[in-house]
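Please work from the sequences and hints to get the whole structure.
In the order they appear, the protein sequences are chains A and B. So for the first sequence, the numbering used here puts the first residue at 1; every next one is plus one. So for the second sequence, the numbering used here puts the first residue at 1; every next one is plus one.
Any given hint could turn out to be false.
[Unchecked claim] Result set (DSSO-like, lysine-lysine): computed pairs, CA atoms no more than 30 Å apart in a straight line:
#: 1; chain 1: A; residue 1: Lys-11; chain 2: B; residue 2: Lys-142
#: 2; chain 1: A; residue 1: Lys-20; chain 2: A; residue 2: Lys-41
#: 3; chain 1: B; residue 1: Lys-142; chain 2: A; residue 2: Lys-20
#: 4; chain 1: B; residue 1: Lys-41; chain 2: B; residue 2: Lys-228
#: 5; chain 1: B; residue 1: Lys-142; chain 2: A; residue 2: Lys-41
#: 6; chain 1: B; residue 1: Lys-228; chain 2: B; residue 2: Lys-142
#: 7; chain 1: A; residue 1: Lys-11; chain 2: A; residue 2: Lys-41
Everything labelled a hint here was simulated from the structure, so no lab data went into it.
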Amino acid sequence: MATILVHVMPKPEILDPQGKAVGSALARLGFTGIESVRQGKRFELTIDGEVTDAMLERVREAASAMLSNPVIEDVVEVTVL
Amino acid sequence: MTARIGVVTFPGTLDDRDALRAVRLAGGEAVPLWHGDASLKDVDAVVLPGGFSYGDYLRAGAIARFAPIMDAVVDAANGGMPVLGICNGFQVLTEVHLLPGSMIKNEHLHFICRDQTLRVENADTSWTAEYRAGEEITIPLKNQDGQYVADERTLDELEAEGRVAFRYVGFNPNGSRRDIAGITNARGNVVGLMPHPEHAAEPGFGPDSVQGGRTGTDGLAFFTSAIKGLLATA
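Here is the structure:
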């Protein structure tokens with residue numbers, strides 16, 4: 001068993017309303033010095049068996065076909081845990 | 001004869017009953033469709049209604065887009081069948097790439113529910129032919145992920161090709177780019193919008209209007225537009 005991580009973030013040019021809200025709440029709580037926050041998603045895909053190059057490629061396909069919407073999000077990282 | 005208009009129910013859909021009722025009120029035959037079926041049951045048009053399909057998990061509309069019935073919906077839409085996506089249905093249409101752009105969380109982060117005035121910018125689509133271009137209508141709006149976004153090039157194309165079908169008037173309720181409330185494909189058969197015409201189709205249950213409380217039926221013409229268009233070409 002192995003785990004592949006997929007990280008998805010809102011595109012830099014897309015306003016991230018959730019990240020903005022988290023950022024202002026942090027400032028309100030006294031966590032100063034944080035310039036801004038952007039919020040993304042982390043998927044953990046548990047793989048049956050070893051992670052092969054072919055499996056990584058299929059996960060990359062899945063990441064762009066379903067786990068992210070290329071209009072508003074980027075797949076920033078696909079790695080093995 | 002009359003037009004058969006199908007309404008798809010996904011797990012988590014909320015407004016399928018209202019959409020079916022609006023079809024009947026407009027004089028059409030309302031046909032319930034099920035997400036897990038592959039058949040469109042010989043309908044002449046399809047409505048993807050509002051709600052929270054699959055709990056809005058992953059992204060609004062992202063999982064519904066892969067439901068078995070969606071292959072048939074995409075094929076039919078590409079063949080010219082009128083398809084209307086309302087709210088979550090609009091989100092499904094963008095996820096399945098029948099319409100460009102996407103919806104993200106409202107700029108102010110709150111769920112919003114209000115009677116919303118829109119301007120019909122394009123009265124040449126399958127779902128707007130019974131309106132006048134420039135006509136202002138008031139129908140309910142209720143969403144959390146209603147902020148329409150697309151890159152500047154796509155927005156410019158939509159504007160240049162007259163594909164902005166509806167624009168918010170007086171108040172932009174969710175931060176949508178260029179006040180866009182709804183769009184159409186180039187052919188005019190696939191239309192998506194965030195506000196809810198099916199909730200303004202019957203006196204006593206619609207928005208307030210100059211006639212009195214809850215008398216507004218500005219949404220009914222979406223459905224009569226499709227039915228008249230279908231009967232004219234039958």
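30 Å limit on alpha-carbon distance, applied to hinted pair Lys-20 (chain A) and Lys-41 (chain A) = 15 Å, holds
30 Å Cα cutoff - pair Lys-41 (chain B), Lys-228 (chain B) = OK: Lys-41 (chain B) and Lys-228 (chain B) at ~20 Å, within 30 Å.
Given the proposed pairing of Lys-142 (chain B) with Lys-41 (chain A), does the C-alpha separation stay at or below 30 Å?
-> This hinted pair holds, its Cα atoms lying about 26 Å apart.
Given hint Lys-41 (chain A) paired with Lys-11 (chain A) - CA-CA distance at most 30 Å | Judged against 30 Å, a Cα distance of about 12 Å means the pair holds.
When you check the alpha-carbon spacing of Lys-228 (chain B) and Lys-142 (chain B), does it fall within 30 Å?
-> Between Lys-228 (chain B) and Lys-142 (chain B) the Cα gap is close to 28 Å, so the pair holds against 30 Å.
Agreement of Lys-142 (chain B) and Lys-20 (chain A) with the hint, judged by alpha carbon distance not exceeding 30 Å | Cα-Cα ~22 Å, so holds.
Assess, step by step, whether the Cα of Lys-11 (chain A) is no farther than 30 Å from the Cα of Lys-142 (chain B), and give holds or violated.
-> Holds: Lys-11 (chain A) and Lys-142 (chain B) sit about 26 Å apart, inside 30 Å.
Violated hints: none; the structure is consistent with every hint.
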